[in-house]
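Spelled out, the chains give:
Protein chains: 4
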Amino acid sequence: MTLLSPLFRWDAIDNFFSDSARLQGMLDFEAALARAEARLGVIPRDAAAAITAKCQAQLFDFQVLSEGAALAGNLAIPLVKQLTKLVAADNKEAARFVHWGATSQDAIDTGSILQLRSALDRIDAELERLANSLARIVRSHRSTVLPGRTWLQQALPITFGLKAATWLDAIDRHRARLTEIRPRILVLQFGGAVGTLAALGDKGLAVANALGEELQLAVPPVPWHAHRDRIVEAASTLGLLMGTLGKIARDISLLAQTEIAEVSEPSVEGRGGSSTLPQKRNPVACSVVLSAADRVPGLLSTLFTSMVQEHERGLGGWQAEWEVMPEIVSLVGGALHHLASIADALQIDAAKMSENLDLTRGLIYAEAVQMALAPSLGRAAAHEFVAAAAKTAQEQARSLRDVLAEIPEVASHLSSRDLDRLFDPKQYLGVADQFIDRVLQSHSSHGHKSAGGRR
Amino acid sequence: MTLLSPLFRWDAIDNFFSDSARLQGMLDFEAALARAEARLGVIPRDAAAAITAKCQAQLFDFQVLSEGAALAGNLAIPLVKQLTKLVAADNKEAARFVHWGATSQDAIDTGSILQLRSALDRIDAELERLANSLARIVRSHRSTVLPGRTWLQQALPITFGLKAATWLDAIDRHRARLTEIRPRILVLQFGGAVGTLAALGDKGLAVANALGEELQLAVPPVPWHAHRDRIVEAASTLGLLMGTLGKIARDISLLAQTEIAEVSEPSVEGRGGSSTLPQKRNPVACSVVLSAADRVPGLLSTLFTSMVQEHERGLGGWQAEWEVMPEIVSLVGGALHHLASIADALQIDAAKMSENLDLTRGLIYAEAVQMALAPSLGRAAAHEFVAAAAKTAQEQARSLRDVLAEIPEVASHLSSRDLDRLFDPKQYLGVADQFIDRVLQSHSSHGHKSAGGRR
Amino acid sequence: MTLLSPLFRWDAIDNFFSDSARLQGMLDFEAALARAEARLGVIPRDAAAAITAKCQAQLFDFQVLSEGAALAGNLAIPLVKQLTKLVAADNKEAARFVHWGATSQDAIDTGSILQLRSALDRIDAELERLANSLARIVRSHRSTVLPGRTWLQQALPITFGLKAATWLDAIDRHRARLTEIRPRILVLQFGGAVGTLAALGDKGLAVANALGEELQLAVPPVPWHAHRDRIVEAASTLGLLMGTLGKIARDISLLAQTEIAEVSEPSVEGRGGSSTLPQKRNPVACSVVLSAADRVPGLLSTLFTSMVQEHERGLGGWQAEWEVMPEIVSLVGGALHHLASIADALQIDAAKMSENLDLTRGLIYAEAVQMALAPSLGRAAAHEFVAAAAKTAQEQARSLRDVLAEIPEVASHLSSRDLDRLFDPKQYLGVADQFIDRVLQSHSSHGHKSAGGRR
Amino acid sequence: MTLLSPLFRWDAIDNFFSDSARLQGMLDFEAALARAEARLGVIPRDAAAAITAKCQAQLFDFQVLSEGAALAGNLAIPLVKQLTKLVAADNKEAARFVHWGATSQDAIDTGSILQLRSALDRIDAELERLANSLARIVRSHRSTVLPGRTWLQQALPITFGLKAATWLDAIDRHRARLTEIRPRILVLQFGGAVGTLAALGDKGLAVANALGEELQLAVPPVPWHAHRDRIVEAASTLGLLMGTLGKIARDISLLAQTEIAEVSEPSVEGRGGSSTLPQKRNPVACSVVLSAADRVPGLLSTLFTSMVQEHERGLGGWQAEWEVMPEIVSLVGGALHHLASIADALQIDAAKMSENLDLTRGLIYAEAVQMALAPSLGRAAAHEFVAAAAKTAQEQARSLRDVLAEIPEVASHLSSRDLDRLFDPKQYLGVADQFIDRVLQSHSSHGHKSAGGRR
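Chain order of the listed sequences is L, Z, D and U. For the first sequence, the working numbering assigns the number 1276 to the initial residue and increments by one for each residue that follows. For the second sequence, the working numbering assigns the number 1276 to the initial residue and increments by one for each residue that follows. For the third sequence, the working numbering assigns the number 1276 to the initial residue and increments by one for each residue that follows. For the fourth sequence, the working numbering assigns the number 1276 to the initial residue and increments by one for each residue that follows.
Looking at chain L on its own, in the form it has when it is part of the complex (with noise of 0.2 angstroms):
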């Protein structure tokens, strides 16, 4: 699926996930065995370096492991035999201690565990890109009112600095989250057949402790071929930052709706355009992440699902991974980048959202006439009260302030300009202001924090 890889996802990422990297993985595992082993003393330290030599992606024939691996159920076995006879051409002492002890899930898991990091630390780069494009709008649109819309509905002004506060203070959530789960997630994956390590008789644990230490992978308690609680996390740990992306994409694709137009993602020569409409600019961005928004939940729910995965080596659940695994941090990925690269030039235009404001002839402002005559009237009469004239406003086409000045209650609480403030977006705004500075706050320590946090 070559042809849409460009729109859907990101190269930066899927380099992660090649096929080639997929294999360069395995054989850092096999490779960094061989060296931890020779170490030790179980093979011989000659055979380290051959071994080592030949762990190359580059030399191997693909279609010569992949018609193995249809054969054979995993793409390790087919691995180790065009490895050892690679060895063998130039060592054939040293081939015979190739995969020494090791099971084929063990290359394969830790291999994933180290594609995994290295597309982690692509991601907590290109978030942090993304939430310091955030802070930016939240700092600039501190004071551009707009209508804060509910149920899809208009309800009361906001700032689009708040707005974006809200964005940015769930993606440095995320940010924290990729930070915490990582001790617990990058760890190697060495059990032999069993979990026992039995072929390496009593040095199982040393060989563990020297293979992590070549891979800079913590050692877990025990191997976890059947527990995948790793692998999940680590996936919808990413589908949470889905969600937050797919909901900045959804707000974002509703706000530059032709009749709201508020905000547009940056306009890019033949960006966006029509087979056949030529006035057309559509948000591809958003379309990317919405959609990929509708298709990592599916993805996660297999994760899931495969966990269940029999004894000490499953049928079916484990070979799910394979592919669905990179596919979450492809699609992520894609949609991340997506995100990040229309956020830092996002067209916003405060004049259009201050008319948006006017469209509901003050019917917006109806919570804060409410507020100011509840003391005298109560909170329920006041709403049935403000109700009823925004009803009548309605009704009538007529604006809600001229409504409420006719009423003789009104007069008697609220003077011509009490309704001059509570007719003014930038009077309603409660502590908005605050709300931000607490976000801009939280997400400058964060930059402090994850800066000594990531590995």
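For the record, the hints were derived by calculation from the structure and aren't laboratory data. One or more of the hints may lead you astray.
Any copy, or any two copies together, can satisfy a pair, since identical chains are not distinguished.
Unchecked claim - Straight-line Cα separation of at most 30 angstroms, DSS-like style, residue types lysine-lysine; simulated pairs:
#, residue 1, residue 2
1, K1356, K1666
2, K1360, K1666
3, K1367, K1666
4, K1367, K1627
5, K1478, K1367
6, K1666, K1627
7, K1701, K1478
8, K1627, K1356
9, K1627, K1360
10, K1367, K1701
11, K1666, K1701
12, K1356, K1478
13, K1701, K1360
Got chain L; can you put chains Z, D and U on it based on the hints?
Same frame as chain L, but now just chains Z, D and U:
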């Protein structure tokens, strides 16, 4: 993810969903559109020939298409652009009429339907192969007795013929479904930008009809750009099939357990080995089918979710289908082919089945004894009575028959000859044979129907 | 979760899935079984009457059943126990023959099918009501023009009649599907412990046939204890309907946005208010339908996953259906009823639709101009040309028509009268009317078919 | 669906999600809000006491609430109305200040968080119980050997202690996760209609802080009405746990198969019987856990999908959570309790485990022999060599040891004593014991951490 494709997928299906096939599906639409419009005098007759001549996937620059899709948000826009250029090189006049009156989605959706039609034809044929293999098993093992198992516990004797007959009957139901949905699914998509065909003036419907004829696709009452039930119906009908394939693979893999060993996948040199265990013969086909059974439901949930598309053409939902629908067909196709391949040569060990009937020292015949006692003692009393004997037999590791023989009440109701009969599996198979006959009869009548029923 | 039931569900459907209805479904099976067996002399004629007399849900102690189910793992076991006791109280002899020859799953599955049949009947009727409401809208708004929208951007004019026609056509497809699947789905489950009916000796099939007659359910070729495609087909067919309901609700909620305001849910005193905003009228029905559209796909993926059941009767998969299948029917039923209720009285503001066509100062007519220029300039050149004019119009906030009028090339090809026509929405509706006619015709022919088609 | 609740759920958790608990959660919010506002002089001190006095679920008319929710679209609106009435009956003045400055979603979300906190506490305790049971099994069965199984085939010997250690380690990881997420999840929701707290003027943040103190919930940087990652993180963390519970239940149910019989669920009078088979003892707890493992992933995918919520407060997505989140907690709680209950008294048959090691006539020791030969022959050659011997043994139904003994090359490398050792399962357990020690050590250190770590 090419490296794993030969394991998880099946060329014969995947070829219909390659980049090249995706492109060709859209080009078939463009060529047929030009011909249909020429027939009706909407565009010059020359133009149709010139356009048709260039509608060949191999003439296109995939790199350019791919980058164009990333920019424009869909594949049709760069395709139309490139096609126009190709046509113009030979016939400038004709190039004016490329994609005349259509919208991107018309080409993309109709192209998908064409791909789907080819895939469904191939799947039908493979299903027939599988069904016929299962029918052979049913006939050969009509009298092969083995333990029927419920809740993963031995329950009562059945025949392997009956077991396979329930598989066969399910497969035949899927064949019927796949035949039934064709008229609803294999239809043209053609509506122009918003489903009015406005760019064709009053000729829209005439062009649609001619186009339908060209492509041998029915013309639906109205375009269905934002109504995706047809696509999802196709996918979920395949999803139902996937469930059955998974069920059969689960059965085979459980029967193939070392401790049960009643069935095994055909032995193929090099197949299902382990990278470390010399004695292993892993059920590779089952692992593939079971992994697909874990994956397809999640993909389906995406398609169901994505049906909620906005207005005349949606944002996100439609885009989500582009890779997910092919993925579903591909995974089901791969699983089907794997299962059809092992069904042909499934190794069935009737002796071991018979042995396993004896594992419980007769407990598997408990219901038979109970039913024999029930007319005298009542069903409930007989149940309690035999349950107690079963418990004793289990605790004392004795045969149920021996325990029963010692009880005077039994002797009074059941002679030793009665007991012989009751502990003979062949005597307690009920109407298994009649069920088998019904399934085989339904199967052969299906053969006749579907021969005529397919397109 | 009773408190939220009236919001999310619909009594008329939920009544078929209450505890009491679940129980009665199973009791209807037990009563019919006794009668069928009595007819064939398998059990005494008296026994059937005595058993039938007690097969009434209200005679049962739900607390005891519920605790019994928790212990035994299914509801049939305590039900049979309690039924036996109830029968024995009046007729000790008859009590011997309760549940004769059946297994728990026979009662549970057949009971579910009976519940499902009732629910499908009710859903059919409500779908007919919805379809008829939509047909009325199609007819009344055949000429009501509004902006067609793609990718959430205005694209070209359409009519509200056409928009509703695509809704109607989809609903009619669902009605056809729900009619088609009935013969495959509404079948008896009856196989005894392992699907051989061994406990009935050679009378199994005769009893099955008689039982099918009693319950007016077809007898399938073979029992289907571990083959769940029928159940999942019913659920996924409802899931397809759910997608369409969600799509319609998404459309309505977008059209009801404050800034678009073309459509709104019928106004009902007290409906859709806010706890704090006096002016709010939230689209409550849409929120319910959309929430169900988010929920049903996940539930479906569970059913698809659960199809992988073990051997003659599964462990886990079958049990997963017990609450999930009813939940799906209940959520779809609730959403359908909500939507049918608002469709009856949807508030449609044709004036606002017309107003919204003018929002873009004529950009919505860009394709019309392009197609008018295309015969002289070629489609591609005309596209680029009009796209440039559209850009100018947008940047200078002028009307597209004015911009075009200033360009000599346009004047030479299009007269002022031509432009009048091109900027009239009614002149650029293509074959919308013919599409509407086709849908209405298909709708009325469906009415005839389904009248006869239903059971 | 009460009849099945005792089977699938657990009172101790479900009580936190009853209608009454849902209501009480919201009322706790309303009462705390009044007190907080009174402390800050926003409302009269009297009002707080009067309101608090009425915030008791049992004072409310559920029928009225339920109908009100169906009309209004959420439960908070009728709750506030009824609460206002209740307060007014005693104190008209105080009634004015009910729900002062809050929005429906503040009450609903904060109420949910309070319910969730209670549930997480209970789940923590039950997890500790389960972990301790598993730790006991690990210690008692440190030396109990059984076949390790991969791909459902016997592979190499392991110990039951090691098997249980992998279960324990996974459970302890879940405990760590559930502790880690608490600070991020257990936070106040309080933002007013659009997240500005505008109705409270400049006192919004002060009230939020006081309210957080009242409820012992942290105050997040900004309200999170349309950002649902916290809720979904809680659910998906429970979903990870569900996967592990399912994996353990799958293992137990496979080990409990009639033909393997190494483990069984504790025997309880009346439990797991069949309605027709007297000898059956069905693994009821496993069926419940496995059915929940099929159901939770689909529910999670709904929550992930529903994260895409619109603007300041969404339409459909939020509403989808109301029943789905409790359903997830409830199913996980039920599964956890079932598993914890059987783990306490799991029946483990060490003799049968040992017997099953002999089923393959020594094939299970093939890797041991291979590794013993590898230093002389090379790993690859040794693998092929032993594989051939294994094949011969299998075909001729002889013991692998006998086949090997006849081969001169073996005799030259391995003495009869060597072979004795190689065919002794206890001699080929690698570092199983060390892995067990690591898990137990991590487990006891976890105990210390979590004791302090919980809230």
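Here is how each hint holds up against the structure:
no.	hint	result
1	K1356 x K1666	between (78 angstroms within a copy, 20 angstroms between copies)
2	K1360 x K1666	between (83 angstroms within a copy, 24 angstroms between copies)
3	K1367 x K1666	between (90 angstroms within a copy, 27 angstroms between copies)
4	K1367 x K1627	neither (75 angstroms within a copy, 44 angstroms between copies)
5	K1478 x K1367	within (24 angstroms within a copy, 72 angstroms between copies)
6	K1666 x K1627	both (26 angstroms within a copy, 18 angstroms between copies)
7	K1701 x K1478	between (71 angstroms within a copy, 16 angstroms between copies)
8	K1627 x K1356	neither (66 angstroms within a copy, 35 angstroms between copies)
9	K1627 x K1360	neither (69 angstroms within a copy, 40 angstroms between copies)
10	K1367 x K1701	neither (80 angstroms within a copy, 34 angstroms between copies)
11	K1666 x K1701	within (24 angstroms within a copy, 34 angstroms between copies)
12	K1356 x K1478	within (24 angstroms within a copy, 60 angstroms between copies)
13	K1701 x K1360	neither (75 angstroms within a copy, 34 angstroms between copies)
Of the hints listed earlier, those the structure fails to meet are numbers 4, 8, 9, 10 and 13, in rising order.
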